[in-house]
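> Chains as they are written, first to last, in numbering that gives the first Met the number 0: chain A, 0 to 318; chain B, 0 to 214.
If you are wondering where the hints come from, they were derived from the structure by calculation, not from laboratory data. Careful: at least some of the hints might be erroneous.
To be verified - A few chain B residues facing chain A, derived, Cβ under 7 Å:
id: 1; residue: 10
id: 2; residue: 14
id: 3; residue: 36
id: 4; residue: 102
id: 5; residue: 116
id: 6; residue: 123
id: 7; residue: 125
id: 8; residue: 126
id: 9; residue: 131
id: 10; residue: 138
id: 11; residue: 139
id: 12; residue: 144
id: 13; residue: 145
id: 14; residue: 146
id: 15; residue: 154
id: 16; residue: 156
Remember, predicted model here, so these are calculated numbers, not experimental data. Note that beta-carbon positions come from the ideal geometry of N, C-alpha and C, so glycine has one too.
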Amino acid sequence: MHAFVFVTPQAHQHNVRFHVKANVHVDDLSDAHAAAARIAAKAHEAFADGVNFDLESPLADASVVQKYTDLVRETASLLRQKNAASLVTVDVPWSPANVDGRSYDWAGLADAVDYLFVMAYDMRSQIWDECTASANSPPAQVEMGLQQYFKLGIQPVKLVLGLPWYAYDYSCVEVDVKDNFCGIDRVPFRGAPCSDAAGRQRPLMDVYTILLDSSNATRPMLDSLLVSKSFFYSAPSPPSSSPVSHEAHMVWFDDADTLRTKYSVARTLDLGGIGMWNIDCISYSDGRQQPMTAAMLEALREYRSDLFDPGRGVRAIHR
Amino acid sequence: MEEAFQTRVSHVVFMGMGEPLMNMKNVVRAIRDLNERVGIGERHITVSTVGVPNQLRRLAELRLGAVAVVLWLAATSSSFEREAWGHVLHEHTHTVGEAGRVRRNCPCADARLCEPVSSGAAKVVYGFAVDGSAPHPTILDELTDISVFNEETDEAMCAVRSKENHPHNRNGPRSFIARSACICVYTRAHSILIQSCTHSCLLPRRRISTMSASM
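Isolated chain A (complex conformation) (with noise of 0.2 Å):
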């Protein structure tokens, strides 16, 4: 028998950490301590750096309210006592005040977790006025469902704004481009008789491929009031619609330049930090849309340039 002993060098990790969704139910809280353990056993399992929760279902009543914080709060124990380090984040609405029929203890779980995560998008989920088609994120919104928060004792490091990636792709009823209006189906959501349900959620290169491709798009317009912007473009109506051969949409969507102003809100307000949903919908690998790419990690990266601590953020790590 032989041996012989030899030496290689490794490259060392990187400094992202990694996380798992929780896949919480309303079900699941009937029994929170046995939650919380499947959960955390989850996040061993995957080597996870921590959890993301996304419960986003109206809760009966308070001792609901009460068993979802209880779990958050074991399953983030559990995790810091494997790892003092964990993160677990909690997803919440762009705003405290029941949004979708949601009243969490929203500051029982802030205390529980490292960040709330704020989807400071779907802000046209439950729409009470006339049924048309607009911004996914207006800033003057998101920064009132911010200052809910604080209202609520929450303190503005405990909150990551996170902004949507993807875009709202309508079919208008009725049309005018030149006002700027497109008016949708009514689709009720939770009470309210139209929501952004009429539309389709797509990823933000999506909405390059049609600029690019489509022959009938409109140049995209910035609202400066929702600092969002939108088209408009015609398509094939869906064969069950005939006599119709070709519909309107109105598309709504965010890009590096809107983002940019969105982000800045989070460094005004000394916010935990930024998010975005979802780091899928940008194409890493389409030619034509590299500007468009590059542009939307620019935006981040100025983001971070005028944030991090050179002496340990990530810019020291990254650069």
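Go by the hints and put chain B onto chain A.
Using the frame of chain A, we list chain B on its own:
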């Protein structure tokens, strides 16, 4: 070893020295010494064993922190034997696993990629991914955190922790690669080349066959 190779030893695997569980007293003493005197974390110590039921139970009962046990099931084992080992392993996992000590092996090419990350970032840039595959390295450059909304997370996890090794990024920045060492011992038994490493720093197959021919 650290003196000989001028580099820090971070992981230890007990293997290639005869069945460690048949030398329990000394192995346990060595584990404690490595942990307490040399400063190698229990999570970085692995005992590779063919599986000796009573000894495995004893090791579990000693509750040596996070020491992992790798059980080798010989391909030639009968189904009866495999079933018997299954019971023992289950018992061991149950005993030690209560404290979350035993889990599957790291699925990444380099086992250190499964270790927790401490970001050091003052603020977060938190990205969700819906695709469980490896995220593109250019986006990883801009994030502090990534949350994968997919039940298949291994590929993403290994890539997230190992940007420099990413296939998209072969020409990427190398300046932050730590020159830590991976120590492998190669032994030849019959016609099989056995590779034992301090962690999973496996060589490309071609290189191993070249070595095998020269041994």
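> None of the hints should be skipped; say for each whether it holds.
Hint check results:
1. Here the hint on residue 10 of chain B is broken, as its CB sits about 11 Å from the closest CB of chain A, past 7 Å.
2. At its closest, the beta carbon of residue 14 of chain B sits 12 Å from a beta carbon of chain A; the interface hint therefore is violated under the 7 Å criterion.
3. The restraint placing residue 36 of chain B at the interface with chain A is violated, with a minimum CB-CB distance near 22 Å, outside the 7 Å limit.
4. Of the supplied interface hints, the one on residue 102 of chain B holds, with its beta-carbon coming within about 6 Å of a beta-carbon of chain A, less than 7 Å.
5. For residue 116 of chain B, the suggested interface contact is upheld, since its CB lies about 5 Å from the closest CB of chain A, less than 7 Å.
6. Checking residue 123 of chain B against chain A by beta carbon gives a least distance of about 3 Å; that is within 7 Å, so the hint holds.
7. Because the beta carbon of residue 125 of chain B sits about 4 Å from the nearest beta carbon in chain A, less than 7 Å, this interface hint is met.
8. Given hint, residue 126 of chain B at the interface with chain A, holds; its Cβ is 4 Å from that chain's nearest Cβ, closer than 7 Å.
9. Hint on residue 131 of chain B is violated. Least Cβ distance to chain A is approximately 10 Å, over the 7 Å limit.
10. Contact between residue 138 of chain B and chain A, as hinted, is supported at the beta carbon level, the nearest pair being about 5 Å apart and thus within 7 Å.
11. At a threshold of 7 Å, the smallest CB-CB gap from residue 139 of chain B to chain A is about 5 Å, leaving the interface hint in force.
12. About 5 Å separates the beta-carbon of residue 144 of chain B from the nearest beta-carbon of chain A, less than 7 Å, and the hint is met.
13. With a least beta-carbon distance of about 6 Å to chain A, the hint placing residue 145 of chain B at the interface is held under the 7 Å criterion.
14. Because the closest C-beta pair between residue 146 of chain B and chain A is about 4 Å apart, less than 7 Å, the hint holds.
15. Taking 7 Å as the C-beta contact cut-off toward chain A, the hint placing residue 154 of chain B at the interface is violated, the least distance being around 11 Å.
16. The closest approach between the C-beta of residue 156 of chain B and any C-beta of chain A is roughly 5 Å, which is under the 7 Å cut-off, so the hint is satisfied.
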